[in-house]
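Mind docking chain P on chain F? Use the hints.
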Amino acid sequence: MYRYDEFDHAFVSARVDQFKDQVERRLAGELTEDQFRPLRLMNGVYLQLHAYMLRVAIPYGTLSSRQMRKLAHIARHYDRGYGHFTTRQNLQYNWPALKDMPKVLDELASVEMHALQTSGNCIRNVTADHFAGAAADEVADPRPYAEILRQWSSMHPEFSYLPRKFKIAVTGAERDRAAIQVHDIGLHLKKNEAGDLGFAVYVGGGQGRTPMVAKKIRDFLPVEDLLTYTTAIMRVYNLNGRRDNKYKARIKILVHETGTEELTRQVETEWQVLKDSDLKLPQQDVDAIDSYFRAPNLPQRPEGWSGLAAARKADHAFATWVDQNVTPHKNPDYGVVTISLKPIGGIPGDATDAQMDLVADIAEKFSQDEIRVSHEQNLVLPHVAIADLRIVYDLLLTDGLATANAGLITDIIACPGLDYCALANARSIPVAQRISERFGQPDRQADIGELKIKISGCINACGHHHVGHIGILGVEKKGEELYQISLGGSGDEICTIGDITGRGFSSEEIVDAVETIVDRYLEIRTDKEETFLAAYRRVGAAPFKDALYSEAANAA
Amino acid sequence: MSDISEKPAGELWGREGFREDLYITATSLDEAGDAPAVILPLAVWLGLEDDVRFATNRRIGVSVAPGENIEPLLGLLDRIPLIALEFPAFNDGRSYSKAEMLKNQRHFKGELRAVGDVLIDQVAYMLRTGFDTLKVSHAVTLERLADHNLHDVPVYYQPGRGSHTAPGTYSWRRVPVA
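Protein sequences appear in the order of chains F and P.
Numbering-wise (UniProt numbering), the first sequence opens with residue 1 and increments by one.
Numbering-wise (UniProt numbering), the second sequence opens with residue 1 and increments by one.
Extracted from the complex, chain F is given alone in its bound form (with noise of 0.2 Å):
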């Protein structure tokens, strides 16, 4: 894991130091609301409905025990015992009081954290794998790259007032798992024929309002020009992407306006350059950070195996959450552990300070002290010795840590919603709480096998409702709130955005309705291995379509 350094802490403590004043201007009064706005942010404070939100950057998503231990100390101390792990791999706090935001970013920054970049226009939390270091079909641990460009976008002085908000991420695998295609830049880390390292370059995916799959303007970038070639891109677009309406400020629109051959013209252009200045990277700096994420010295455990036979033998639930939960790692006698926040239904991505501490331990003992937050929104534990899976869902299981979801139809992503939030037209939770409660009978959700939900509360879209297999957004119809379903969509390696059904259902009907579909594609899979995905893709939307509203119509 990436450790401060001397730099990092000098860094980190004179900006708590600087917003400590601001909280006290603010407190006092010298700050008006207006006026203090724009520092919260840069801090990760947000107002929402009912209080502040204190969002705060994991970045890649990589976490120790210490640090999640200190997450659970500040959701203890200074919130109301509980954390909410987010799509992009972050943590917020819903309930600290402004006065304690100082005294939170010190206990952070005394782990080597903090909130910075969780907000504003400038280039956000950089997101990784969260497999990375770990996956058995990895080609290199995407992670240094991404601490490379953390730290070069921290604070950069040109690239903080963009037009909108820009995220970054990598992933170092064919089997994309950090949803590259549906970011402002994604980046694939990859091997050329030579064997060298570089990157297929991706710009201008999103979802929001305008959903678009990013265009790769790069097959092969060398790792050298990583800088560089970011820098000609954000270039690019802080000169030129729109800044007089503020939904097609996004990189994407920027690219779909001027064209990807005109757009990489312009990128490739900038680069020429800047690609020999200073942020040409040497190799040298390359293998430093490099070498902090170097896979840990895992021991020989080959006894797992038999032992995970009998096990698994004997207890139907272990051997179901082991099938679902736990992913081929590196090394054969290890496996990557996914942590489920879904609890039949809860609300995902919700941690209480017990589970926190929980967590910390096993990883501590089992998993090379290294955790991982998925952006969708569940913890993994990614060095766990098969001999010690049987320990490690024993401990899951004493603070509902267990279930074994991990790709299934209850293991939904959702944004806090109207619950929270202050954009948010409709209810998120809930309705992921319901759908989790009608599937929630392990061998029926196993029969339905991988199917992903993804529920956003408004057009804004940080539910990922536009790639989930099965999507939903909720709008606000003469004050009632109405769910808009679309089907199809997909966040990994072949991206697709989903197809809207038609009208929306009422929050009475929509747990029905998501139902309707499943039962649908039960009728018409080839057989158990044809997943939900793979069916929509051979039948396409009419057979769904079909099911919703004929019965609906039926009904009537």
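FYI, nobody ran anything at the bench for these hints, they're computed from the structure.
Everything hinted at is true.
Simulated crosslink set (BS3-like; lysine-lysine; CA at most 30 Å straight-line): (1) F:Lys191 to F:Lys167; (2) F:Lys167 to F:Lys215; (3) P:Lys109 to F:Lys280; (4) F:Lys275 to P:Lys109; (5) F:Lys165 to F:Lys275; (6) F:Lys215 to F:Lys280.
Estimated spans, in silico, between C-beta atoms of each pair: (7) F:Thr269 to P:Arg79: 20 to 26 Å; (8) F:Asn245 to P:Ala139: 28 to 34 Å; (9) F:His316 to P:Pro154: 54 to 60 Å; (10) F:Lys99 to P:Ala139: 23 to 29 Å; (11) F:Leu27 to P:Gln105: 41 to 47 Å; (12) F:Arg76 to P:Pro88: 45 to 51 Å; (13) P:Val140 to F:Arg503: 51 to 57 Å; (14) P:Glu11 to F:Arg76: 47 to 53 Å; (15) F:Lys191 to P:Ala139: 54 to 60 Å; (16) F:Arg537 to P:Val140: 54 to 60 Å; (17) P:Pro154 to F:Lys191: 38 to 44 Å; (18) P:Pro88 to F:Lys191: 45 to 51 Å; (19) P:Val140 to F:His73: 33 to 39 Å.
By construction, the Cβ of each residue, glycine as well, lies at the ideal position given by its N, Cα and C atoms.
Frame of chain F; chain P shown alone:
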């Protein structure tokens, strides 16, 4: 409509402190009268004949709005005494990129000036992207500048003006020149 040209409101500030502003801003040379130093809008400046634009008995600077392209200036940089980049609102960041291109990449030797909504929280960024001077009218910003409180951080994660490389750390990092 008045045809009397005016000094732009506010005080002129640079790294060395407050200084006298020798320039006036005008919308045309006629309006500028016989002022020895004048800043004209880009379109007007581009419309001048070379012998007028680069006259040796007066200085004619050029002001560029965020939406205007600096491309036509790039071939003339060694003859332009002053370029003013406008910040109509503090959150319009286009002029930072232009400053970076003019000063840090094309080594413009003349005065690069920030005008408009110049606030204390942006001052450090402006200096680092290459601005020499800032035209400041915001009261709190004037106070802070007078106190030499630039609201800056002690280390930078990017190359830029007014900083140097630090031994023993990564190539992109810089520390401010003392």
